[in-house]
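Heads up: the sequence lines are chains A and B, in that order. Each residue of the first sequence is one higher than the one before, counting from 122 in the working numbering. Each residue of the second sequence is one higher than the one before, counting from 122 in the working numbering.
None of these hints come from the bench; they were simulated from the model. Treat the hints with care, as some may be off.
No copy labels: a pair is met if it fits in one copy or bridges any two.
Said to hold, decoys possible - The calculated DSBU-like cross-link candidates involving lysine-lysine, where the alpha carbons are at most 35 Å apart (straight line), are:
#, residue 1, residue 2
1, 316, 330
2, 316, 335
3, 259, 316
4, 266, 316
5, 335, 259
Protein chains: 2
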Amino acid sequence: MQIAIPIFNGFTALDAIGPYDVLSRLPGAEVVICAAEPGEKRTESGVLGVMADRALAEVERPDVIVVPGGVGTRNHLEQGDPYIRWIADVHPGTQWTTSVCTGSLMLAEAGILDGVEATTHWAAREALAELGAVPIAKRVVERGKVITAAGVSSGIDMALTLVERLTGAELMAQAIQLGIEYDPEPPHDTGSLEKAPPELVELVMSALKAEDEKAAELHSLSL
Amino acid sequence: MQIAIPIFNGFTALDAIGPYDVLSRLPGAEVVICAAEPGEKRTESGVLGVMADRALAEVERPDVIVVPGGVGTRNHLEQGDPYIRWIADVHPGTQWTTSVCTGSLMLAEAGILDGVEATTHWAAREALAELGAVPIAKRVVERGKVITAAGVSSGIDMALTLVERLTGAELMAQAIQLGIEYDPEPPHDTGSLEKAPPELVELVMSALKAEDEKAAELHSLSL
Numbered sequence: 122m123q124i125a126i127p128i129f130n131g132f133t134a135l136d137a138i139g140p141y142d143v144l145s146r147l148p149g150a151e152v153v154i155c156a157a158e159p160g161e162k163r164t165e166s167g168v169l170g171v172m173a174d175r176a177l178a179e180v181e182r183p184d185v186i187v188v189p190g191g192v193g194t195r196n197h198l199e200q201g202d203p204y205i206r207w208i209a210d211v212h213p214g215t216q217w218t219t220s221v222c223t224g225s226l227m228l229a230e231a232g233i234l235d236g237v238e239a240t241t242h243w244a245a246r247e248a249l250a251e252l253g254a255v256p257i258a259k260r261v262v263e264r265g266k267v268i269t270a271a272g273v274s275s276g277i278d279m280a281l282t283l284v285e286r287l288t289g290a291e292l293m294a295q296a297i298q299l300g301i302e303y304d305p306e307p308p309h310d311t312g313s314l315e316k317a318p319p320e321l322v323e324l325v326m327s328a329l330k331a332e333d334e335k336a337a338e339l340h341s342l343s344l
Numbered sequence: 122m123q124i125a126i127p128i129f130n131g132f133t134a135l136d137a138i139g140p141y142d143v144l145s146r147l148p149g150a151e152v153v154i155c156a157a158e159p160g161e162k163r164t165e166s167g168v169l170g171v172m173a174d175r176a177l178a179e180v181e182r183p184d185v186i187v188v189p190g191g192v193g194t195r196n197h198l199e200q201g202d203p204y205i206r207w208i209a210d211v212h213p214g215t216q217w218t219t220s221v222c223t224g225s226l227m228l229a230e231a232g233i234l235d236g237v238e239a240t241t242h243w244a245a246r247e248a249l250a251e252l253g254a255v256p257i258a259k260r261v262v263e264r265g266k267v268i269t270a271a272g273v274s275s276g277i278d279m280a281l282t283l284v285e286r287l288t289g290a291e292l293m294a295q296a297i298q299l300g301i302e303y304d305p306e307p308p309h310d311t312g313s314l315e316k317a318p319p320e321l322v323e324l325v326m327s328a329l330k331a332e333d334e335k336a337a338e339l340h341s342l343s344l
C-alpha cells in the first residue's frame, strides 16, 4: 500500500511528520515523500529542510494521500497548479484522501470538498468556506473516503484513525500509539479556539498574520 | 537565543520535529538543525530525509540543545563519538539541555545523567539505567537544567514546558499551543506502558526489536 505525502516550500513540518511517523510504522505501508520537483523543500520559517524523494508525476496511483498545510499553501491555491492537478488526478483512485491543517484548502481547490463538511486550522475556517467546503469545529472529520484534520498537531490523531480504517481493527492503531508513546499531557488547556481566552486568540492571530505576510514577501522573492 | 537540534541517520523524525515546530515559533529563537557532517540524514526507516544545515563543530555555544532519539542512537553510544563529545562540550554552557525518547541515552553517555532522575521511551528504561541514570516513569522530567522526555510524541509536551521556562511565563507556551492547535484527542487510551494491556506491550516490543535488528544490519552496511 502506497501512502503519498506531498510537500512544498512553506509547508508546516509537523503537519507532515506527525502522520509520517504514525503511518511509516504500519506494516506493509510504503510512505513516499513527493513534490512537484523532487529535492529539498523548506518549511515556512525556512529553518528546516525536508527531502522530497519523488516527483508527483511518478506517484500516479497512491492508495492514500496526506496533504499537509502551512503558509506555503497560498502559492498553490489555483487551478493548473501542479499540486492541485495531482490531487484532483489521483483522488478518484485513492482509498483515502486526507489533509492536515490548511492542507484542506488544497483539497478544496482540487474540487474535492464542494459542499462537504471538513476541518482545517481554526484560523483558516473562513478561507475553507470560501473555497466551497463546510467547515466544522472538530479535530478530525471523516466524510466518505475524505478525512480532514484541524491544525498542525491534529495530524497525529488523524493518522491513528486512518490506521484503524486501513487495517479494519483497533489493534494496530493502539500498538502504534504505544510505540510513539502518545499519551499526551499538554501543559495548558488552551489548544483550541473554543478553549482559549479571546486575548490569546488575538495574540496568535496577529502572529499568524505576520507569518503570512512574511511568506507573501518570500514568495515574491521566489523562494 | 540559539536552539540546536542534532540529527543523525536512524533518528526518529517526530522526536526532532515535534520540538522544532514548537520552538521555531518562539520569537527570538534561532533553531539550528545540525549533524557531525552537514547534509541529508535519513530516519530509522530510511523513508524520510531531513537536512542538517550546520556541522556540530560550527555550533559551539548553543543556549538550548534538544537531542532526539531513534534506533540510530545505537551507533553513537560510545566515548569519542562526535555527538557524545559535542553534547559533553556544550552542556556546561547551555541554559537547558534536553532530550526526547532515546536521546536521553546520548545525554547519559555524555556523562550528564549520572545518578540523575530522567525519562526515555518506555522500552528503553533499562538501557538508560545501564548508562547510570535513574529512569522514572514520567512523560517529562526536569532536574536542574536538564529536561528529558519520554517516547517520540512526548517531545511536544517537553518543548511547551521549555518555552515556559525560557520565557518565564505561561503566555507564550499557551499561544504556541493554540498556534499548533494542540488539543489532543488520541483515539485510544493505550499510549503509555502503564495504560496498555500486556499483550499490546508484547506486540510493540517485538516490533521494536525487529526494527533494532534491522538498524544493526543497516549499520553493518555502513548506512
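Hint by hint, work out which the structure violates, then give me just those numbers in ascending order.
none
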